[in-house]
Amino acid sequence: MGAHHHGPAKGITRWLFTTNHKDIGTMYLWFSFAMFILGGAFAMVIRAELFQPGMQLVEPGFFNQMTTLHGLVMVFGAIMPSFVGLANWLIPMMIGAPDMALPRMNNWSFWILPPGFLMLASTLFMEGGAPAFGWTFYAPLSTTYAPPSVTFFIFAIHVLGMSSIMGSINIIATVMNMRAPGMSYMKLPLFVWTWLITAFLLVAVMPVLAGAVTMMLMDIHFGTSFFSAAGGGDPVLFQHIFWFFGHPEVYIIILPAFGVVSQIIPAFSRKPLFGYASMVYATASIAFLSFIVWAHHMYTVGMPVAGELYFMYATMLIAVPTGVKVFNWISTMWRGALSFETPMLFAIGFLVLFTIGGFTGLMLSIAPADFQYHDTYFVVAHFHYVMVAGAVFSMTAAVYFWLPKWTGRMYNETMGKVHFWVSFVGFNITFFPQHFVGLAGMPRRVPDYALQFADFNMMSSIGAFVYGASQILFLYNVVATIVAGAKVSDEKVWDGAEGLEWTVPTPAPYHTFEVPPKVDAAPAYI
Amino acid sequence: MFRLSRNPGADTALKLSLVACAMFAFVFVVMVPLYNVMCDVLGINGKTSGTAYTAVPAAVDTSREITVQFIATNNDGMSWVFHPEVREVRVHPGEAVDVLFHAGNPTSAAMVAQAIPSVTPSRAAGYFHKTECFCFDQQPLEGMASVEMPLQFVVDQGLPQDIQTITLSYTLFDVTETMSDKIAAR
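These protein sequence lines map, in sequence, to chains A and B.
To convert a position in the first sequence, counted from 1, into our numbering, add 46.
To convert a position in the second sequence, counted from 1, into our numbering, add 466.
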């Protein structure tokens, strides 16, 4: 093995057996994009049915399968793996490591994902149909009243949970052990910091989700009664366990997005990030708070008033560290030499829309008001502002930002800008009206609705088709870049970008940092 | 520092795997029992005690009269006839009151039922004591048979002053299958 600079193996085995963090990162990114398209197709079915009141296209049962699978595929198949892919590509390059700490486990954690999702998607073709109980799979809908395919759903959750746990263990082991000499914790780029904290959240709560689905499995097949009142159990217990996982889960989705934006905004402001240390502490505080606020998803479940008040105040507290972050991003742009390339546009889009989603979250945190908002389209609008305009916009920004570094080719800037504006407008047309229909009382997860909601729903559907179509433009732009984009060879593709990943050649060679780099006493990005 | 492997990366990974396993176990051995204890202690969900209450001799508070309403519901798929003999009674706190619930099995097969109680408002759950209840045990019934099931309760003298009405709801579950499984397993 004298040839240290050997390239990748040829053919399909390169991808099957690879232990290279860049190959695995690429596979994660393409897989998550495929899932994004699949989950998007489910969303198009939902919006097509809701285009007009009345039942037009699909049966109500199938509609419920669509809402369920849309949520599951987007959360577990699109958003989470896309950020793991980004982590694989970037964390070793950002901390000056040659690869991830456990490369073989890395291969395994990716390759169990496609079978897991194949199993989940195959439920669509089973007798009784796919799971139709919503992505939150509340018992007893998901136990007593579930279709037989629920067992496949449970096993799919086990598989992708294992994948996430292995992926996050790998990230923690890498960041803790593989940093280049001189790369102390408080010099880590913020993307690495947010992922380190996210990985700890994943290790702590994915097993809780696995526990919840295991209890479902036992209730369905082995005669236990964890969630069945007849046997002394309690369906409300399911909700507590689910949201004990589910609330940290939403920060698992958004914290890496915070990290991405904290890399991009300084680059296009040509200034170091404002308040680096406060960003780190804010991220850690958000992660801690995420464990003690879960029942704000369950205000209407019949908690004692003291419980409602506690969860209300604890939830509102999260606005403080989040506010610190938004303040810091804006302060980074203040008096910066701004330029508005596509990654920056998506990052600013993130900043504006995520803040709107944060404010509606604050409205939802108010327990007495939540009784009106609960399970309405207002909630749907809220979490799409933070999930889509938060996580997906920042992921898109990340792809445009690092794609030239990965491929050595520049994407088409005009097409990128068109993609941004079409997405931005399409997104807002889709989800802004949902606030109004929600406040007016339209419940979520319904295939039909009262006539007074017709106009806003039609707007929403048109926006969704526009937003969906804009993703095809994105796919075209990325493929065209890889195949025939204009070549770039500057190490620093963006003049304002700082960090170790911009010191390696462009395109990034198959192996980087086999000799650890020298880390400055004060890196330019702090 | 305690190490599980000489390779530092593998050491971190093994320790984190232990954390993941511990969190999985946490759901079963901590969250479930803790939830049940919290519900019992705080009376959340209107859960009343599952065991008989031993009445303490105390004066009947005749200055107050509380309305106790009874609701009987069949759980989904349960075919029994199930209703209280009286819809509501007016009681003084501290006095022991007897009421009857009627249950009939209209099918031709022997069945076993379990009634699950719930008290509204849930704050009253801790002050509603059952000294004798059919809900403490399963109720077997032969086909076409019926039974009058007894309930004796005491409303605690400490019931908050603002509570005038207590609603006791029973949901009847069909546990024939689970019971026969358990009997078969013996």
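Simulated from the structure, these hints should not be mistaken for lab results.
All C-beta atoms in this analysis are idealised placements derived from N, C-alpha and C, irrespective of residue type, glycine included.
One should not assume that every hint holds.
[Unchecked claim] Okay, the calculated beta carbon distance ranges per label pair:
1) A/Thr-190 with B/Asn-502: 44 to 50 Å
2) B/Pro-606 with A/Pro-194: 47 to 53 Å
3) A/Ile-412 with B/Val-563: 19 to 25 Å
4) B/Phe-468 with A/Asp-421: 46 to 52 Å
5) A/Met-362 with B/Asp-542: 24 to 30 Å
6) B/Ala-575 with A/Asp-494: 29 to 35 Å
7) A/Gln-98 with B/Gln-618: 57 to 63 Å
8) B/Asn-502 with A/Val-492: 33 to 39 Å
Numbers of the earlier hints that this structure fails to satisfy, in rising order: Structure breaks hints 1, 2, 3, 5, 6.
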